[in-house]
Amino acid sequence: MRRFRASLLILPAAALIFLFIVLPYVTVLVMSFRAPGANGEPYGPGFGLQGYAQFFDEGYYLWSLPQSLLLGIVTTFVCLVLAYPIALHIAGARRRWRGLLYGIVLSPLLIGIVIRSYGWTILLGNSGVINSTLRDLGLIQRPLPLMYNDFGVVLALSHVFLPFMVLPLLSALQSMDPAVKQAARSLGARPFTIFRRVTFPVSMPGVQTGCILVFVLAISSYVTPALVGGMRVKTTTLLVVDALIDQFQWPFGSAMALILAVSAGVIVLIFARLTAMKWN
Amino acid sequence: MTEVSLRSLVKRYGKTEALKGISLNVRHGEFVSLLGPSGCGKSTTLKCIAGFEETSDGQILFDDRDISRKLPEDRDIGMVFQSYALFPHMTVAQNLAFGLEMRRLQKREITERVGRAMEMVQLTPYAERYPKALSGGQQQRVALARALVIEPKILLLDEPLANLDAKLRDEMRGFIRDLQKRVGITTIYVTHDQGEAMTMSDRVVVMFDGEIAQAAAPEDVYDKPASERVARFVGNANILELPVRTNDEAGVELGLPGGLSLTIQRPVPAANGTLGVMARPEQIALTDPAAGHLRGRISKRYFSGGHVEYHVETDLGPLVVLAPTSQSAKEGESVGLDFDASRLWPLPGRTGSAESRA
Ligand SMILES: Nc1ncnc2c1ncn2[C@@H]1O[C@H](COP(=O)(O)OP(=O)(O)OP(=O)(O)O)[C@@H](O)[C@H]1O
Ligand SMILES: [Mg+2]
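Which chain is which? The protein sequence lines are A and B, in order.
Following our numbering, the numbering of the first sequence begins with 1 at its first residue and continues without gaps.
Following our numbering, the numbering of the second sequence begins with 1 at its first residue and continues without gaps.
Watch out, some of these pointers could steer you wrong.
[As the list claims (entries may be wrong)] Interface residues of chain B toward chain A, partial, derived using beta-carbon atoms under 7 Å:
(1) Glu73
(2) Met79
(3) Phe81
(4) Pro88
No wet-lab data here; the hints were simulated from the structure.
Every residue, glycine too, gets a C-beta built ideally from N, C-alpha and C.
Produce the entire structure from the sequences given, and follow the hints as far as they go.
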């Protein structure tokens, strides 16, 4: 009886989840199986697999999927490589400095994602800060292709999502008993060996969390690829929005969104399996 | 087997001097405890020996070789931490193998030595477990085996039992002590628990404020403390300040209230005026109110299984007496107190002289 009443406490949360997560997903799922609409209707009467068929039939759409996933994976990797030294440094810093460094890492989050992405276009554009400086210095004749390509998108995405990698890494590193490293040292391990055999493996839970976070955020991002990629880097999210809003084809857009979500889920699962920690 | 010598070891953190010139010799295979209150510099001493802290001044010698500039990883030390500091992502066997792998031993030898070490601490059935799946006592034994399996020159332990419950702590005391004797390794053990230091060590080093107050066998630290502070830190101490009646080669006669006297049959230099003497609670016996050296009234009585602790109000102030349960007295009862004069210990710091009192 007590147990039952206590479980009532999760009802509000359960209701919220149902209303705002389960219901929309179900709607999208159902929508993806509707027949396409005619005469400007978003969808037609009855059900069908045309939404999915269109995605797999046309290379233009199909190829956006590996492109998106690869963009996500590369961004995640770049974030990890950039974030790890930052997290190590902050974890090892004196308490006095730690707050300041923390603030610097978090500061990108204070500025909206649109403005941050726009900032990158100012830097990377053909007549942007970098290119015009290099041209004025006489180092280049023609602008370097920094934007409207995968390079620019990965760069901007990595910047935008870096804090989401640093924070879990930092929390993993800080929860590590400093005596563990001393123990390794007293057993004869040199600094690099300690990092390779102790610090890094012990921080694996943070690596895992950070990678999953950044990957999921990166493949589902819209604003940054749209602005920095200038619609020339075709990610699945861009095509989904295009299908839903511009082409006004709800079943097709929904089908694409689901395919992207499922693919991302599979990759996250594989990653989690590969990095599973028996000790944790 | 290695001998460790600290020579005028000084450690400064900015302006604070954590160690103010520590000199100590630890012999081959000796078990020495560093005992002292929090902040007295026990851990700092250990960290200097291990190499985790650089010394500001002085030398650390292993077998007459100065190692104070060597890196910790080159000192060949086995260290056990209060938090155990096991590698959480390695099994028990992997934890033990780590130090041997660093020494680039052959796989076969590693397996063999790890196996022997696990047997030594009775952990063979737990070889494939991760530290999280072990009890505190088991983790402690892994930490101990991990430090010993590399056959280090010396073993350093920093409050290794502080996180265990009382019963397990008693068990581990004996376990560590036996193991140390069996292996015969020179050991320095840090603790703030005087009971632990007493039961385990060959020698106890009492430290206060970054200095060594006394380094002696447990019995001597207990019975013959170098100062009042040592006397009070190591167990319960009754300290009496008594007027000196006579003082010659034969001994010192001390005056007691009611015209009685106590004679310490040992010459005490410079004991004129008054002399501070220490009596441990079990060195005072309860007697008939008419007999004994001193009269008193029992104000508190605490039963603790094997014996009873009495707090007695006397003309010389409150005293603590530990008596066997067979000899029982009630609160409020008048009693006589009988001192064992042969075990009264004069405290040098408390010796007053006639001139300085005048
Ligand atoms: N890294 C440090 N920076 C500044 N002062 C320190 C540092 N480490 C220790 N101290 C100071 O040195 C003194 C001795 O510290 P230490 O850790 O050796 O004490 P301890 O005897 O081990 O005490 P405890 O029983 O609490 O562990 C203390 O006053 C402490 O504040
Ligand atoms: Mg300490």
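ask   = Quick check: which numbered hints come out false for this structure?
value = Of the numbered hints given earlier, the structure breaks none, since each of them holds.
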